[in-house]
Each structure stands twice: as structure tokens, then as C-alpha cells.
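Let chain A serve as the given structure and place chain B on it in line with the hints.
Chains as they are written, first to last, in the numbering used here: chain A, 1 to 231; chain B, 232 to 471.
Don't take every hint at face value.
In silico DSSO-like cross-links for lysine-lysine, where the CA-CA straight-line distance does not exceed 27 Å [claimed, not checked]: (1) B:K337 / B:K257; (2) A:K127 / B:K360; (3) B:K257 / A:K127; (4) B:K459 / B:K469; (5) A:K127 / B:K469; (6) B:K309 / B:K337; (7) B:K360 / B:K345; (8) A:K61 / B:K241; (9) A:K146 / B:K345; (10) A:K146 / B:K337; (11) A:K127 / B:K309; (12) A:K20 / A:K169; (13) B:K337 / B:K360; (14) A:K146 / B:K309; (15) A:K51 / B:K345; (16) B:K294 / B:K360; (17) B:K360 / A:K146; (18) A:K154 / A:K51; (19) A:K127 / A:K61; (20) B:K294 / B:K241; (21) A:K220 / A:K169; (22) A:K8 / A:K127; (23) A:K61 / A:K146; (24) A:K154 / B:K360; (25) A:K220 / A:K154; (26) B:K345 / B:K294.
Don't read these hints as lab results, they were simulated from the structure.
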Amino acid sequence: MFDNFFHKFYVAFIKNNDYKLLITGLQNTMIIAVGALIIGIFLGTIIAVIKVTPKKGIIGKFLDLLATVYITVIRGTPVVVQLLLIYFGILAKYRIDPLLTAVCVFGINSGAYVAEIIRSGILAVDKGQTEAGRSLGLTYGTTMTKIVLPQAIKNILPTLGNEFILLVKETSVAGFITVLDLTRATRNIVAGMYDVFVPYTVLALIYLVIVMIFTYLLNKFERWLRKSDNR
Amino acid sequence: MITVSNLHKKFGTNHVLCGINETIEKGEKVVIVGPSGSGKSTFLRCLNLLEVPTSGTITFEGKNITAPNCNINEVRMKMGMVFQHFNLFPHLTIENNITLAPVQLKLHTPEQAKANAVRLLARIGLSDKATAYPSQLSGGQKQRVAIIRALAMNPTVMLFDEPTSALDPEMVGEVLDLMRELAEDGMTMVVVTHEMNFAREVATRVLFMDNGVIAEQAPPSEFFSNPKNPRTIEFLSKVL
Chain A
1 MFDNFFHKFY VAFIKNNDYK LLITGLQNTM IIAVGALIIG IFLGTIIAVI KVTPKKGIIG
61 KFLDLLATVY ITVIRGTPVV VQLLLIYFGI LAKYRIDPLL TAVCVFGINS GAYVAEIIRS
121 GILAVDKGQT EAGRSLGLTY GTTMTKIVLP QAIKNILPTL GNEFILLVKE TSVAGFITVL
181 DLTRATRNIV AGMYDVFVPY TVLALIYLVI VMIFTYLLNK FERWLRKSDN R
Chain B
232 MITVSNLHKK FGTNHVLCGI NETIEKGEKV VIVGPSGSGK STFLRCLNLL EVPTSGTITF
292 EGKNITAPNC NINEVRMKMG MVFQHFNLFP HLTIENNITL APVQLKLHTP EQAKANAVRL
352 LARIGLSDKA TAYPSQLSGG QKQRVAIIRA LAMNPTVMLF DEPTSALDPE MVGEVLDLMR
412 ELAEDGMTMV VVTHEMNFAR EVATRVLFMD NGVIAEQAPP SEFFSNPKNP RTIEFLSKVL
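Bound-form chain A, shown alone (with noise of 0.2 Å):
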């Protein structure tokens, strides 16, 4: 049975040099991830900071139903349908690179939910630490940046990596609007075999790979916060 395995593993991947394929598929997949998150953290702190501001005036209420409205429908409505939407509906005529669209959609995807976790970690951080800062005569601004931020990272940091395992799995639609991601590199190498079940497993064990490492860099980053709390 394994040789037969190796057998069809050595024609679906190397023999056309197809892994090739699965390389570059790797990179995408894993630029739309990375990108995606940095996109997502970026809005979504913007986005917290707006959710959490104790509301003033006009604009701080435009703003905050302006994030609400945000977060509902980009966590309202699947990815997949995000994807199509903006990459053929409306950029559509504008020839934008697909791989660019990819990072952009699950960047704000993501953020909708990044928002979420960050304003949970700053809601988790006790309010006399705001009363503190705020009662020495600090804006709201810097109490936020020097005092509040800097304790609510810690409560966000391991959220946010579970985050990343999601996004990682998530890319795995992008092919929807022609990305040369992992998925759609083994769908492509799929389509010139008889073979489904090796290149799939295939696939499904490079991503379990992924999310492993990651999982593992996560713990092991988390134990080091936990020993810095100790100190």
C-alpha cells in the first residue's frame, strides 16, 4: 500500500516537477495570511480604540456606528462571498491583482474580528488603571497608549495568534477568484491525475504542519508572558 502511495505521491508532485506548484501556492498562502493580519490588526485597533472611547460628540458617534456597521457585516457574511464580491463585482474593471485583492479582503475580514478580540483584552484590564492615569492629570490618550495598551497586549496576544491559525485555513478559498494558493495549486496538479486522495492528503498535512508550528511558537510564547508576569 505505501509503495503504491509513493508511487502516485512521486507522479502527482515530482515527476512534472509539480511541487513546484506547491511552493509557490505555500508563499501565497502564506502572504495573504501574514498580510491579512497585519491589515487585521491595523484596522482593528483602530476600530477597538473608536469602541471603547467613552462616546463624545458627533463625530465620535458617526465613527462608532461607522465600526458597528463594519463589524456587522463583514462577521455577518461568509469570506468566500466577500471575495467574489469585491473582486469581481466591483474591481471587476480596475485589473487588480488577484493575490492583492486576496490580502486586502482577508485583512478586512480579519480586522472585524481582531476588533473584537482587542477590545475584549482592553475591557479585561482593570478600571482603576484607567482611574489612575486619568487622576494624574493624563489625557485619555496617553493613559491609553502608556498604561492601558500595554497591560490589554497581553490578555490579546495569544487570541490573536489563534487568529492566525484560523486565517491560515481560511486563505484556502481565495482560489475562488483565480489566487495561486495551496489549495488551488493541488487542485490544478489534481486535474492533470487520476489520482484525488494522495495529493489531497498532501494538502491537508502541509496545512496541519503549519498550524502546528504556529501552535507550538504560540505556547511556548505564551508560557514566556506567563514567567514575565511573575517577575
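Just chain B, lined up with the frame of chain A:
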């Protein structure tokens, strides 16, 4: 120095402060006592607008701080506050806890602020803790650091919100001793506390709050030996 007139505070339908009129002069040590839920802490927190009054005015050094155009951050720089739960910043060293606000608010250069922190830490005998983190300190040490953190801003008045209530009994003394020193140095102080001995020895005036009003006030000698309001008599009979 601080004048409060007709101060009201409501939380929803809960009327916590029901019309407080009070003047606190420079150099006074006002101790506020009263049963829990009487509004003592809320009153204290209104003085630096940590709680925004529902109605009424508060003036501080001639400035109406309840006016909408008042820059509350400038006012708070002059009013130090000490909390029941210390509220030290756990991610910063003791020294950085003390220097953060003076440096951020450009009151001191980083070098001046550091020198000031070193001096203040020496004063409370915790020079060796400058590079430690709050979690390495005892409760009493934390609260004393919280007090000098407020002092580092050179405030003209210090507000204390039950500063010893969260401490183990053996640590109450060291905090009260530091507060006594401050009082002797002439600091204007407003203290919410359950430490009746502190009130007796340090206060220039004791306020008794009950149901959101100041029910009685007197110098401590008179307040403790000859209370007039029946609620005060009942309260003192329970705590003394």
C-alpha cells in the same frame, strides 16, 4: 480652596449625593466618615471629576471645574488621588510608575523626574525597590508608592479614598504614618476612611455623611466626644 455647592449625583434612579455644600480651606485635613453607601467615596471622586456630578458646581483655586470649557487634566495635575486598591501600573517598574505622569505632562525632564523619584523613594525607605515591579511589593509598600506617585506631581491637595481598607492589619500603620507626615508638612488633605483614630489625631475637621448629605461636622475632639445628630451617635456607637 475647594468650594462645593449644591452637588447632586445620580446613578440611574439611585440618588447618591443629595445637595452637598462644603468649603475646604488650604491646609485643612478633612476626614469623611460614614456608613457604607452613604456617598463618601462618590463625593470624593466628584472633587476631581472621576465621577461627573449630575448638577451643582465645584470650584478649585477660584476656577469652576464643573464648567464645560474647563480643562480637567490641568486641574487633576494639582489634585493627587490615592485609591483603595493602589492602582499601581503593573507593567512598569516602581520608578517608572512615579515618573510616568511628570514626564508625559512635561512637568519634569526625565532626569529631573528620576531624581525626584529617587528622593521620594528614599523618603519612604524603599530606595531598593526602584527597579522592582508592583507585584513584588507588599500591600503597604504598594500604597506608600501610590502616595508618592501622586506627590511627584506636586499637588496642592491630596484625596484619599479608603487608603487602608484593602490592607492587611499589620500594614495599615505604615500607610497612616506616611499620611501623618504629609499632614504635618501642611498638605491639604481630604480623606475617606474607617480609621477613627487617624481621624481623631490628624483631622482638623470630621464630616459625617449619611444618605448623600453631610449630616454633621465638627472638629474631631467635639465630634467624637459630643456628637449631636442621632445618626452620628448610632454610627459612632458601632465603630468605636
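For a C-alpha distance cap of 27 Å, please report whether K8 of chain A and K127 of chain A respect it.
61 Å, violated
Within a Cα-Cα threshold of 27 Å, do K294 of chain B and K360 of chain B meet the stated pairing?
Not satisfied, since the Cα-Cα distance of roughly 39 Å exceeds 27 Å.
Mind checking the alpha carbons of K257 of chain B and K127 of chain A for me, to see if they're no more than 27 Å apart?
31 Å, violated
Quick one, are K220 of chain A and K169 of chain A close enough, alpha carbons at most 27 Å?
22 Å, holds
Under the criterion that the straight-line Cα-Cα distance not exceed 27 Å, is the pair K337 of chain B, K360 of chain B satisfied?
OK: K337 of chain B and K360 of chain B at ~25 Å, within 27 Å.
Restraint status (C-alpha distance of K61 of chain A to K146 of chain A at most 27 Å):
Holds, because 25 Å separates the two Cα atoms, which is no more than 27 Å.
Measure nothing beyond the straight line between the CA atoms of K360 of chain B and K146 of chain A; if it is 27 Å or shorter, mark the hint as holding.
21 Å, holds
CA of K20 of chain A to CA of K169 of chain A, is that 27 Å or under?
Measuring from Cα to Cα gives roughly 21 Å; hence the hint holds.
Within 27 Å, alpha carbon to alpha carbon, are K154 of chain A and K51 of chain A?
20 Å, holds
Run the distance test for K337 of chain B versus K257 of chain B: straight-line Cα separation, threshold 27 Å.
Status holds; Cα separation ~26 Å.
Starting from K127 of chain A, check that the Cα of K309 of chain B is at most 27 Å away, please.
At roughly 22 Å apart (the allowed maximum being 27 Å), K309 of chain B and K127 of chain A satisfy the hint.
Does the structure keep K309 of chain B and K337 of chain B at a Cα separation of 27 Å or less?
Measuring from Cα to Cα gives roughly 14 Å; hence the hint holds.
Checked against the numbered hints given earlier, this structure breaks hints 3, 5, 15, 16, 22 and 26; the rest are met.
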